[in-house]
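Protein chains in written order, with the numbering used here: chain A, 1 to 120; chain B, 1 to 108.
These are calculated hints, taken from the structure and not from any lab test. In this text, a Cβ means the ideal position worked out from N, Cα and C, and glycines have one as well. Among the hints, a few may not be true.
DMTMM-like cross-link-like pairs, simulated, lysine to aspartate or glutamate; straight-line CA separation at most 20 Å [stated by the list, open to error]:
{"id": "1", "chain 1": "A", "residue 1": "K65", "chain 2": "A", "residue 2": "E89"}
{"id": "2", "chain 1": "B", "residue 1": "K108", "chain 2": "B", "residue 2": "E17"}
{"id": "3", "chain 1": "A", "residue 1": "K65", "chain 2": "A", "residue 2": "D84"}
{"id": "4", "chain 1": "A", "residue 1": "K65", "chain 2": "B", "residue 2": "E1"}
{"id": "5", "chain 1": "A", "residue 1": "K43", "chain 2": "B", "residue 2": "E1"}
{"id": "6", "chain 1": "B", "residue 1": "K104", "chain 2": "B", "residue 2": "E82"}
{"id": "7", "chain 1": "B", "residue 1": "K40", "chain 2": "A", "residue 2": "D108"}
{"id": "8", "chain 1": "B", "residue 1": "K104", "chain 2": "B", "residue 2": "E80"}
{"id": "9", "chain 1": "B", "residue 1": "K108", "chain 2": "B", "residue 2": "E82"}
{"id": "10", "chain 1": "B", "residue 1": "K104", "chain 2": "A", "residue 2": "E46"}
{"id": "11", "chain 1": "B", "residue 1": "K40", "chain 2": "A", "residue 2": "E46"}
{"id": "12", "chain 1": "B", "residue 1": "K40", "chain 2": "B", "residue 2": "E106"}
{"id": "13", "chain 1": "A", "residue 1": "K43", "chain 2": "A", "residue 2": "E89"}
{"id": "14", "chain 1": "B", "residue 1": "K40", "chain 2": "B", "residue 2": "E82"}
{"id": "15", "chain 1": "B", "residue 1": "K104", "chain 2": "B", "residue 2": "D71"}
Here are the simulated distance ranges between beta carbons [what the hints assert, rightly or not]:
{"id": "16", "chain 1": "B", "residue 1": "S12", "chain 2": "A", "residue 2": "Q13", "range": "40 to 46 Å"}
{"id": "17", "chain 1": "B", "residue 1": "P95", "chain 2": "A", "residue 2": "L5", "range": "26 to 32 Å"}
{"id": "18", "chain 1": "B", "residue 1": "I59", "chain 2": "A", "residue 2": "R44", "range": "18 to 24 Å"}
{"id": "19", "chain 1": "A", "residue 1": "G8", "chain 2": "B", "residue 2": "S14", "range": "39 to 45 Å"}
{"id": "20", "chain 1": "A", "residue 1": "T78", "chain 2": "B", "residue 2": "W24", "range": "37 to 43 Å"}
{"id": "21", "chain 1": "A", "residue 1": "S7", "chain 2": "B", "residue 2": "E82", "range": "26 to 32 Å"}
{"id": "22", "chain 1": "B", "residue 1": "Q43", "chain 2": "A", "residue 2": "T78", "range": "18 to 24 Å"}
{"id": "23", "chain 1": "B", "residue 1": "P95", "chain 2": "A", "residue 2": "G15", "range": "27 to 33 Å"}
{"id": "24", "chain 1": "B", "residue 1": "S68", "chain 2": "A", "residue 2": "G15", "range": "43 to 49 Å"}
{"id": "25", "chain 1": "B", "residue 1": "T70", "chain 2": "A", "residue 2": "T117", "range": "35 to 41 Å"}
{"id": "26", "chain 1": "A", "residue 1": "Y59", "chain 2": "B", "residue 2": "V3", "range": "16 to 22 Å"}
{"id": "27", "chain 1": "A", "residue 1": "E89", "chain 2": "B", "residue 2": "S53", "range": "34 to 40 Å"}
{"id": "28", "chain 1": "A", "residue 1": "I54", "chain 2": "B", "residue 2": "P95", "range": "17 to 23 Å"}
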Amino acid sequence: EVQLLESGGGWVQPGGSLRLSCVGSGYTFGSYAMSWVRQAPGKRPEWVSSINAIGSNTYHADPVKGRYSISRDNSKSTMYLQMDSLRPEDTAVYYCARFMAITIAPSDYWGPGTLVTVSS
Amino acid sequence: ETVLTQSPGTLSLSPGERAALSCWASQSVDSNFLAWYQHKPGQAPRLLIYGASTRATGIPDRFSGSGSGTDFTLTISRLEPEDLGMYYCQQYGNPPRTFGQGTKVEIK
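So here's chain A without its partners, still in its complex pose:
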């Protein structure tokens, strides 16, 4: 059974940093591209970052460019999201998701999410 589990969320002051982790199990982690999606309270989900299967290509949404960095360690079946210079508008539940193994793919498996709260 494919499972994804996020961790590392919590409360942080504006300007602070957090690193989220996502552990995958039940499949060959290193064969799939992955992404982070967030959902702020009362808002629609928002794509944040993506990374290809081997970690050589990364992509970030404009609101987080220059502040967030996505990476992965396939030997640990883990993906990361380093979040720096955090702002109150970054407050959201952050989900990791696996892309289907097809060209131009949706995400077929998601984790239950981890809450990030940015507040003074």
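Starting from the structure of chain A, add chain B where the hints point.
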């Protein structure tokens, strides 16, 4: 970016009834790269439909997707009590990937 608008905001129906959820895109979705997700509080989102009309693995055949271009529909042919939750459409053909604001399905 492509803005997705879903309607209705809330759908309240009885078990066995048919539900039709709509998703409109501000511009044509390339190659009908449109997905539907079900999301229940505290749980992981669940992929229902991709490519506008292809059911994901393990999804019951009471869920079906249709549409093309800018107008898409998710139909639940016979509502079951466990179908309650939020439903989101997502387009993944026009970067950046974007989501609709969701339709809440309530079971009477």
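Do the hints match the structure? See the list:
For the given pair, A:K65 sits about 14 Å from A:E89 by alpha-carbon distance, which is consistent with the 20 Å threshold. Our distance criterion of 20 Å between C-alpha atoms is met by B:K108 and B:E17, whose separation comes to about 10 Å. The suggested pairing of A:K65 with A:D84 holds, with an alpha-carbon distance near 10 Å, which does not exceed 20 Å. Between A:K65 and B:E1, the direct Cα distance comes to roughly 16 Å. Compliance with the 20 Å bound is thereby established for this hinted pair.
Of the pairs offered as hints, the one joining A:K43 and B:E1 holds, with about 17 Å between alpha carbons and a cut-off of 20 Å not exceeded. Distance hint between B:K104 and B:E82 is fulfilled; the C-alpha atoms sit about 13 Å from each other, no more than 20 Å. Restraint check: the Cα-Cα separation between B:K40 and A:D108 comes to about 16 Å, which is no more than 20 Å; the hinted pair holds. Among the hinted pairs, B:K104 with B:E80 is consistent with the structure: their alpha-carbon atoms are about 14 Å apart, no more than 20 Å.
A distance of roughly 12 Å separates the Cα atoms of B:K108 and B:E82; the hinted pair therefore holds under the 20 Å criterion. Annotation: proposed proximity of B:K104 to A:E46 holds, straight-line Cα distance about 18 Å (limit 20 Å). Restraint check for B:K40 and A:E46: the C-alpha separation of about 17 Å stays at or below 20 Å, so the hint holds. For the suggested pair B:K40 and B:E106, the alpha carbons sit about 12 Å apart, so the restraint of at most 20 Å is met.
Taking the CA atoms of A:K43 and A:E89, the gap is near 11 Å; set against the 20 Å cutoff, the hint holds. The hinted pair formed by B:K40 and B:E82 meets the criterion: a straight-line CA distance of about 10 Å does not exceed 20 Å. Our distance criterion of 20 Å between C-alpha atoms is met by B:K104 and B:D71, whose separation comes to about 19 Å. Between B:S12 and A:Q13, the C-beta spacing of about 41 Å keeps the proposed range 40 to 46 Å intact.
For the hinted restraint 26 to 32 Å between B:P95 and A:L5, the CB-CB distance of approximately 28 Å keeps it satisfied. Checked against the given bound of 18 to 24 Å, the beta carbons of B:I59 and A:R44, roughly 22 Å apart, stay inside it. Distance hint for A:G8 and B:S14: a CB-CB separation of about 42 Å, consistent with the stated range 39 to 45 Å. The given range of 37 to 43 Å is respected by A:T78 and B:W24, whose C-beta atoms sit roughly 38 Å from each other.
Here the CB-CB span from A:S7 to B:E82 is close to 28 Å, well matched to the stated 26 to 32 Å. A C-beta distance of roughly 22 Å is found between B:Q43 and A:T78, which places it inside the suggested range of 18 to 24 Å. In this structure, B:P95 and A:G15 meet the distance hint of 27 to 33 Å, their C-beta atoms being roughly 30 Å apart. At roughly 46 Å, the beta-carbon separation of B:S68 and A:G15 lies within the given 43 to 49 Å, and the hint holds.
Range check, B:T70 to A:T117: Cβ separation about 36 Å, and the 35 to 41 Å hint holds. Look at A:Y59 against B:V3: about 20 Å separates their beta carbons, and that is inside 16 to 22 Å. A:E89 and B:S53 have their C-beta atoms about 36 Å apart, which keeps the hinted 34 to 40 Å range intact. Between A:I54 and B:P95 the beta carbons are some 21 Å apart, a value that agrees with the proposed interval 17 to 23 Å.
Figure legend: structure checked against the earlier numbered hints; every hint is met.
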